[in-house]
Amino acid sequence: MAQKVQIGTSEVAAVGSRLRRLRKERGLTQAELARQIGIQQSDLSRMEKGEYRVSLDNLFKILGVFDLDLADFFGEQQAKAEQAQQPLSRQDMQVLHLLRELSPEGRAEVQEFLEFKLRKERQERRSLGARRSRENGS
Amino acid sequence: MKERYDELLILGEKAVGANDFEGAAGLFADAECVARQMGEVDLADRAFCNRCSVLVELDRGADQIPRLKEILLRSGDTRNKFLAAYCTGVAYFIAEDLQRADSYARRATGLARELGDQALEGRSFNLVGTLAARDSRFDEAEEAFSLCLEAHRGFEGYGQVMAAQVEDNLGYVLMCTDRLDAGIRRCEAARTVLEDFGANHYLFEVLQDLCYGYVLVDELDMASSCGERALELAIEHDDQQIAKNCLFLLSEIAVRRGDTFGARRYLHELTAYYPEAGISEEIIDVFLATDLTTVVNLRG
Chain X
16 MAQKVQIGTS EVAAVGSRLR RLRKERGLTQ AELARQIGIQ QSDLSRMEKG
66 EYRVSLDNLF KILGVFDLDL ADFFGEQQAK AEQAQQPLSR QDMQVLHLLR
116 ELSPEGRAEV QEFLEFKLRK ERQERRSLGA RRSRENGS
Chain P
432 MKERYDELLI LGEKAVGAND FEGAAGLFAD AECVARQMGE VDLADRAFCN
482 RCSVLVELDR GADQIPRLKE ILLRSGDTRN KFLAAYCTGV AYFIAEDLQR
532 ADSYARRATG LARELGDQAL EGRSFNLVGT LAARDSRFDE AEEAFSLCLE
582 AHRGFEGYGQ VMAAQVEDNL GYVLMCTDRL DAGIRRCEAA RTVLEDFGAN
632 HYLFEVLQDL CYGYVLVDEL DMASSCGERA LELAIEHDDQ QIAKNCLFLL
682 SEIAVRRGDT FGARRYLHEL TAYYPEAGIS EEIIDVFLAT DLTTVVNLRG
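Sequence lines, in order, name chains X and P.
Here the first sequence is numbered in the numbering used here, starting from 16 and rising by one per residue.
Here the second sequence is numbered in the numbering used here, starting from 432 and rising by one per residue.
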C-alpha cells in the first residue's frame, strides 16, 4: 500500500503556497481563479496564506481547475506516493518471499503487526509535526 | 380575532417543534392574514418573520430578504427587528453570501442584547459562530459558541437539543484547534443529549464530528462506528454535505487500517457526487496518497 503523507495544521500553509505557485504559473489572478472555483477572492487569498480550510466541494473544484497537475498541487507528497508505486526492490521481494512461506495464520499475524507498526509510525510523525508546528508558533 | 392569531402562532411553533416546516409556514401565513385584517402591523410583521424563519429552513428564504430588510428599517418593535435581522442573516448564509450574513447576524446579536432575551442572544451567537467556523475563523467561532452555550444554560426540554447542537459546534472548533480530547468530550456530551431526545435529524452531524475527532486521535474503531452511523443517517435525511464528509472520513479510516480496497470503495462513492470533476481515478489517488483531514473544513 502507498504510504500516506501526513499534512498537519502547519502543512495547510504548504498547500496554500503550492496553490499560489500553480496559479501564478498558469498566469491567473486571484480574482480569476476564485471565479473559476466559485469562491470569494478574499477566501482564496486566505487559502493561499494557509489561514483557510477548504470544504470538500471547493477542494474538488480546485482539483478540477488544475486538472492533471495534481502532483504539482500536492508537490512532494504526491512524488512520495508515486515512489511507493515503483517496482518492488530486492528487499521488498525478499519480504514477500518470506511471507509466502508462512501459513495463512502466520501471514495474518504479520499483516496485523505491519498495520500496528504503520499506525504507530504515523502517530509519531503526527506528534512530531504538531510539536514542530507549536515550536514554529504556527 | 386576536385569540385566533395567538392560537395560530402557537400551532405554528408546535409544528416547528415537530419538524413540520411546511405546516408551520402555512399557519404563520394564516396568522399574518388575521393580523392584517385587524390592521395590526407589528403582529403581521411578527407572523411574517416567524414564517421566514421556517422558510429559511426550507431553503426558500432568499426571496423574502427585501421585505425582511424593510421591517428591520421600519419597525419600532425590537423583537421584530431581531427576527428580521436574524432571518436575513440565515437567508444570506444559505445563499452563500457570508459577509452579508455575518453583518446581519451581528446586528441580530445587538438587538437580542437590547431585548435582554437570552434565548434570542443564543440563537444569534450560534449563527455568528457557525459563519465563523465555516470561514475557518475558529477563534471567533469558539468565542461565539461559548457565549451561546452560556445563553442556553439551564434550558429544559427542546432547549437542551438546541444547546447540544451548539456544544457539538464548539467541540468541532476545539478539534480544529488541536484540542482533541476536549473537543471529543463536548461532542460526546452532545451525542448523549440528542440520543436521549431521539433527535436523529441533528445526530448525524455530531457523529460526523466524533468520527473526525476519533480519526485524529487514532481510535479507528470508534471513528468507524460513528462515521458509518453518521453516513447512514445523513443519507436517510438527504444531507449530501455530511454524507460526502463521512465518505471522505471513512476512506481515511480505511487507509489508516491498511485497507486500500475499502478506501477506494468509499472514494468511488465520494467522487460520484462530483461527476463534473471527470478525473475520478486521479482524484482518488490524491486522497489515497495524502492525509487531508486537517486541510478540509467539515463545516465548509
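Wrong hints could be hidden among the right ones.
Okay, derived cross-link-like pairs now, EDC-like style, lysine to aspartate or glutamate, Cα gap no bigger than 16 angstroms in a straight line [claimed, not checked]: (1) X:132 x P:471; (2) X:39 x X:63; (3) X:132 x P:649.
Hint data in this document are derived by calculation from the structure and do not stem from the laboratory.
Bear in mind the structure is a predicted one, so any value in this text is a computation, not a measurement.
Against the structure, the hints:
1. Taken as a hint, the residue 132 of chain X and residue 471 of chain P pair is broken in the structure, with Cα atoms around 72 angstroms apart against an allowance of 16 angstroms.
2. Distance check on the hinted pair: residue 39 of chain X and residue 63 of chain X sit about 12 angstroms apart at the alpha-carbon level, within 16 angstroms; holds.
3. A C-alpha spacing of about 13 angstroms is found between residue 132 of chain X and residue 649 of chain P, which places the hinted pair at or below 16 angstroms, so the restraint holds.
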